[in-house]
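Next come the chains, spelled out residue by residue.
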Amino acid sequence: MHTPGKYKLSFALLLFLVLVTAFLNISLGSVDIPFSEVFAVIFNGEVSKESWRYIILEYRIPKALTSILAGSGLAVSGMLMQTMFRNPLAGPYVLGLSSGASLGVALVLMGASMFGGIALSLLLSGWGMVIASSLGSLLVLLAVMAASIRLKDTMAILIIGLMFASLTSAVVSVLSYFSPADQLQQYVFWSFGSVGNLNWQEVGVLSFFWALGIILAITRIKNLNSLLLGEQYAKSLGISINRNRAVLIIATSFLAGSITAFAGPIAFVGLAVPHLIRQIIPTNDHRILLPAVILGGAILMLFCDIVAQLPGTNYTLPINAITSLVGAPVVIWLLVRKRKFIF
Amino acid sequence: MELVKGELVGIVGVNGVGKSTFLRTISGIQPALKGKIFIEQKDRETLPAPKLASLISLVLTNQPISKNLRVAELVALGRQPYTNWIGSVNAQDKQQIKNALKLVNIEEIQHKRCYELSDGQLQKVLIARALAQDTPVVILDEPTSHLDMYHKAQVLKLLKNLSQKTNKAILFATHEVNLAIQLCDKIILMQENKIVKGSPQELISENAFDSMFPSDLIYFDSGSHSFRIKTT
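Heads up: the protein sequence lines correspond to chains A and B, in order. Number 268 in full-length UniProt numbering belongs to position 268 of the first sequence; there are no gaps in the numbering. Number 170 in full-length UniProt numbering belongs to position 170 of the second sequence; there are no gaps in the numbering.
Bear in mind the hints are in silico, worked out from the structure with no lab data behind them. Be aware that one or more of the hints could be misleading.
[Claimed, not checked] BS3-like mimics (lysine-lysine), calculated; alpha carbons at most 30 Å apart, straight line:
no.	chain 1	residue 1	chain 2	residue 2
1	B	Lys160	B	Lys102
2	B	Lys98	B	Lys160
3	B	Lys165	B	Lys112
4	B	Lys94	B	Lys51
5	B	Lys230	B	Lys194
6	B	Lys194	B	Lys34
7	A	Lys8	B	Lys112
8	A	Lys8	B	Lys94
9	B	Lys194	B	Lys5
10	B	Lys112	B	Lys102
11	A	Lys6	B	Lys102
12	B	Lys94	A	Lys6
13	B	Lys197	B	Lys157
14	B	Lys51	B	Lys5
15	A	Lys6	B	Lys98
16	B	Lys197	B	Lys42
17	A	Lys8	B	Lys98
18	B	Lys157	B	Lys5
19	B	Lys67	B	Lys98
20	B	Lys194	B	Lys157
21	A	Lys6	B	Lys112
22	B	Lys67	B	Lys160
23	B	Lys94	B	Lys112
24	A	Lys8	B	Lys67
25	B	Lys194	B	Lys42
26	B	Lys194	B	Lys36
27	A	Lys6	B	Lys67
[Unchecked claim] In silico negatives: residues of chain A with every beta carbon more than 12 Å from chain B:
no.	residue
28	Lys8
29	Leu9
30	Leu15
31	Asn44
32	Gly45
33	Glu46
34	Glu58
35	Ile131
36	Leu142
37	Ala156
38	Leu158
39	Tyr177
40	Gln186
Here a beta-carbon is modelled for each residue, glycine too, at the ideal position from N, C-alpha and C.
This is chain B alone, in the form it adopts within the complex (with noise of 0.2 Å):
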């Protein structure tokens, strides 16, 4: 499986398939269980901690984060992998946390502290943070969990518009298969016995989605692209 830079890609599949094992052990979290994963060329395992901190940042949710914090000071903790050993900030590190604030559109919020903000603009502020790491790979564990229609779709459109600007390859878990479905440039749909990686519309076309689910209460509509209420 190939993770291409620039690219959004989605990772579906029903709870406890093994999503979040996946992205931890991409992200070195956890040691992997079989396989090797490569980034830029080289054996991630090799790596020494610091420098997978300059290839792959993450946004986590249900994190014990101190809501004390101000935006702009949780944001430039994303710089912590290029300051010195107390952990100053220069004039570069600057930089990047004001671009990383203006690319997901939270300048306006960036004096306030955590613990005002709704769970859409934490879960952006969370995102400016993993920017602001300054990462060819970026990857989300279920980013629109505990948000509303409305700011699961601005999320992800958000993940959408970041790929494209900032030419980065954005990995998340999502529960939303609908709107990946419409905004995700490749779906890794994860099942019990395969996996199976392709574009939504290769994947529709395969008829990938119709054995995710148990078949008694919804099915796939390749009509609408969508997973519908079974009425019978």
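Isolated chain A, as found in the complex (with noise of 0.2 Å):
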């Protein structure tokens, strides 16, 4: 295997990148605050206007990290399901994954009223919001694997990822049609997609299930590299390739969904990041490709949020939009660039 050192440019690269970024999301907004006073809020120094530091502690320094929360985790989950099912073209997204959470989301949004109250102050928590998201997606992700276990054909693991996204959006449809206009209004705003409606105790649960989800991918990393060889020949190099796989499944939901419940449903990051980065970083070996993973996804997501934010005006597009405007392209250069596609 590659010693890590080889790709210590890249990384001070990657790192590099992702400061700049970071600092230039959150210096960037529809409010005009110099570089300067941006530097003076975060080293704790002298403000000129007490809004601006109140505008960057509890607005702009929660959706920078939120968008680094979502950005990796939503990659690392993409790494994952990609060696997982052996398919270049797996993500969260793709396969379903985001709209099995979509549907926890708008069990939970609009579906509470036919519950009725008693779950509903437990539901609209941030918990119950996760865990609602994550649950959805464990179920699709679980429907796709079991899926791919009867058919090894690249493109049938994606067609089911469709269909059980059209499942669960007809299933929401249906919520919508029943729903008071105010509830429905929460679920299409969440459905755009945003980074930037949380508060600090959000990023805190946030924060926990990604690092649940990431721990576990850590501790994975090894028999994600025998899994590159196929499972029949992981498990002849001594791998429990069940308790792998439910390892694996239960940190993709994590991530998948903890991301999904807080940030909506954002799309092509976990796909598109793996290719990106093997781009900078041509392996395979999960033990470089994961932390590198972690740093591009953070880039990208930081840098749609720049976009998303349309620096010096009023407006605020839907995060979801400027992923895919950039994601799908990638996809579309991974298919038809003229070596073959090679996972």
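Two independent chains are provided; combine them into the complex using the hints.
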């Protein structure tokens, strides 16, 4: 395997980009705050306007942190799924995990009125959303997994993912139809995706699930590398395939589910980042790939959020639209470039 | 049935007779339908998976291998049963990887990626990976499928040399009966209702190959030790 030192420069570059995009992300927004003042707030210095301090500490830093957590988490879950399904086009969005999470959230936001008030207070708290949405993505992941055991074909699995997405959106439509306007609006805004709605406490909840997912992924690094040879070889190398699969499924559901709960269904980050990273760091060794994908996901999401803010204006675009504008061309490029698609 | 160190054993039989099932059972990929398997006097069923991985290595065909791996990386994965929790290779592992590359004579392609290789080269890389796993038993399922006649002979000759040089027991399933007769120390002939094992010479003198296939198209010619097309 490669000596990790070989990619030091690439890692330094990625880390530098994370810092730059994070700083820009905090600095830019509808309220114009000079860079020097942003520095002052971050390093606890004198600020000309107290409102700037408030905006940065209570709004922009949580937003930047959410971008980092969401981008890196989705990218890692995409990487895990690509290795697990042995499918370069796998990702939490294309395989319907985000739809499953949406269903969970829709049930919480719009179904709560149907189930009555007892569960309502529990469900509407941050934890309730996360649990419902993680369960939703877990459900879809298990279903896709079951299908993938029978169908080894790459395309068939993707189509199954699409079908699950259709099924869940059908259920969501039914729920929407019977929902009062304000709940429906709440759901629609959530589905646009946004990293800007989290307070510090919610960032804390998200970090908790993110850390759980990442730690589980780290414990699987060696097995992920064995899986590069296929399941039968992995088994012959002494790996318990079923236990390994269970851990990976749980990690993926935690990551995709919790992020979707808080930031909405974000498209293409999970699918595109592992491939973009391989352009810079051409390896399949998960010891190198995992940290690189974490950094890459954070950069892409911070960048997309900067664009979504439309700096200097009072408008904010849905983040989901931006990630699709960036991610979909990446997928098209991956599919049509000359070299055969090699995973 | 017994497998001895340093022996090259070929399993032959018609399609669907159970060669792969037999190999998968021995290697622990699937549970035994009947009977028991002992490795170094230990019941295979009682061996934990990591221990088994240090006793048996596999070479399989048609696996969804990541073709983006470099040859040396793929061979290095053979060391997984011995590496730490994150899979770092130490000096000893590196030596084993080097030896494996050398034994199979693929040192010059070790930095290539697998998608750049021919089928024959890839097969050698997979054999090197199994050698790096450093097990007394190596099992190969049809290692010569997809290969041309020259490379079939090359791979089987390589296996023959490896069994002698490394003193490993090498067991493989094949459809190349003619080559197996020339190269194997022992042949296991699997048929619907009986299984015979012996040296190629023994099997030939017992006329064991005569009933291997339906007799309408080909026959075993004991003079040339090979199957021939019926002319009439």
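Hint check results:
Between the alpha carbons of Lys160 of chain B and Lys102 of chain B the distance comes to roughly 16 Å, so the proposed pair stays at or under 30 Å and holds. For the hint linking Lys98 of chain B to Lys160 of chain B, the alpha-carbon distance of about 20 Å falls within 30 Å, and the restraint holds. With a C-alpha separation of about 26 Å, the suggested pairing of Lys165 of chain B with Lys112 of chain B holds against the 30 Å cut-off. Our distance criterion of 30 Å between C-alpha atoms is met by Lys94 of chain B and Lys51 of chain B, whose separation comes to about 21 Å.
Distance check on the hinted pair: Lys230 of chain B and Lys194 of chain B sit about 25 Å apart at the alpha-carbon level, within 30 Å; holds. Only pairs whose Cα atoms come within 30 Å are accepted, and Lys194 of chain B paired with Lys34 of chain B is accepted, the gap being roughly 15 Å. Pair hint Lys8 of chain A plus Lys112 of chain B holds up; C-alpha atoms about 22 Å apart against a cutoff of 30 Å. The suggested pairing of Lys8 of chain A with Lys94 of chain B holds, with an alpha-carbon distance near 22 Å, which does not exceed 30 Å.
Between Lys194 of chain B and Lys5 of chain B the alpha-carbon distance is near 25 Å, which keeps this suggested pair within the 30 Å criterion. Restraint check for Lys112 of chain B and Lys102 of chain B: satisfied, since their Cα atoms lie roughly 15 Å apart, inside the 30 Å limit. In summary, the hint linking Lys6 of chain A to Lys102 of chain B is supported, as the alpha carbons are separated by about 25 Å, within the 30 Å threshold. Taken as a hint, the Lys94 of chain B and Lys6 of chain A pair is honoured in the structure, with Cα atoms around 17 Å apart against an allowance of 30 Å.
For the given pair, Lys197 of chain B sits about 21 Å from Lys157 of chain B by alpha-carbon distance, which is consistent with the 30 Å threshold. A C-alpha spacing of about 19 Å is found between Lys51 of chain B and Lys5 of chain B, which places the hinted pair at or below 30 Å, so the restraint holds. Taking the CA atoms of Lys6 of chain A and Lys98 of chain B, the gap is about 20 Å. The hint holds against a cut of 30 Å. Taking the CA atoms of Lys197 of chain B and Lys42 of chain B, the gap is near 23 Å; set against the 30 Å cutoff, the hint holds.
For a cut-off of 30 Å, the pair hint linking Lys8 of chain A to Lys98 of chain B stands: about 25 Å separates their Cα positions. Of the pairs offered as hints, the one joining Lys157 of chain B and Lys5 of chain B holds, with about 17 Å between alpha carbons and a cut-off of 30 Å not exceeded. Of the supplied pair hints, the one linking Lys67 of chain B and Lys98 of chain B holds, its CA atoms being roughly 21 Å apart against a limit of 30 Å. Distance check on the hinted pair: Lys194 of chain B and Lys157 of chain B sit about 28 Å apart at the alpha-carbon level, within 30 Å; holds.
Straight-line distance between C-alpha atoms of Lys6 of chain A and Lys112 of chain B comes to about 17 Å, which keeps the hinted pair within the 30 Å bound. Of the supplied pair hints, the one linking Lys67 of chain B and Lys160 of chain B holds, its CA atoms being roughly 27 Å apart against a limit of 30 Å. With a C-alpha separation of about 18 Å, the suggested pair Lys94 of chain B and Lys112 of chain B falls inside the 30 Å cut-off, and the hint holds. Among the hinted pairs, Lys8 of chain A with Lys67 of chain B is consistent with the structure: their alpha-carbon atoms are about 25 Å apart, no more than 30 Å.
The suggested pairing of Lys194 of chain B with Lys42 of chain B holds, with an alpha-carbon distance near 26 Å, which does not exceed 30 Å. Of the supplied pair hints, the one linking Lys194 of chain B and Lys36 of chain B holds, its CA atoms being roughly 18 Å apart against a limit of 30 Å. Of the supplied pair hints, the one linking Lys6 of chain A and Lys67 of chain B holds, its CA atoms being roughly 21 Å apart against a limit of 30 Å. For Lys8 of chain A, the requirement that its beta carbon stay farther than 12 Å from each beta carbon of chain B is met, with the minimum near 17 Å.
Non-interface call for Leu9 of chain A relative to chain B: holds, since the shortest CB-CB distance, roughly 19 Å, exceeds 12 Å. No beta-carbon of chain B comes within 12 Å of the beta-carbon of Leu15 of chain A; the shortest separation is about 21 Å. In this structure Asn44 of chain A is separated from chain B by more than 12 Å, as the shortest Cβ-Cβ distance comes to about 38 Å. Every CB of chain B lies more than 12 Å from the CB of Gly45 of chain A, the least distance being 41 Å, so the non-interface label holds.
Distance check on Glu46 of chain A: its Cβ is at least 46 Å (rounded) from any Cβ of chain B, clearing the 12 Å threshold; non-interface status holds. Annotated as non-interface, Glu58 of chain A keeps its C-beta farther than 12 Å from every C-beta of chain B; the closest such distance is 39 Å. The beta carbon of Ile131 of chain A sits about 30 Å from the closest Cβ of chain B, which is more than 12 Å, so the claim that it is off the interface holds. Residue placement check: Leu142 of chain A keeps its beta carbon more than 12 Å from all beta carbons of chain B (closest about 21 Å).
Every beta carbon of chain B lies more than 12 Å from that of Ala156 of chain A, the smallest distance being close to 14 Å; the non-interface claim holds. Remark: the non-interface label on Leu158 of chain A is consistent with the geometry, its nearest Cβ contact in chain B lying 15 Å away (cut-off 12 Å). Distance to chain B confirms Tyr177 of chain A as a non-interface residue, since its nearest Cβ pair spans about 43 Å, more than 12 Å. The claim that Gln186 of chain A is not at the interface with chain B holds, since no C-beta of that chain comes within 12 Å of its own (minimum 43 Å).
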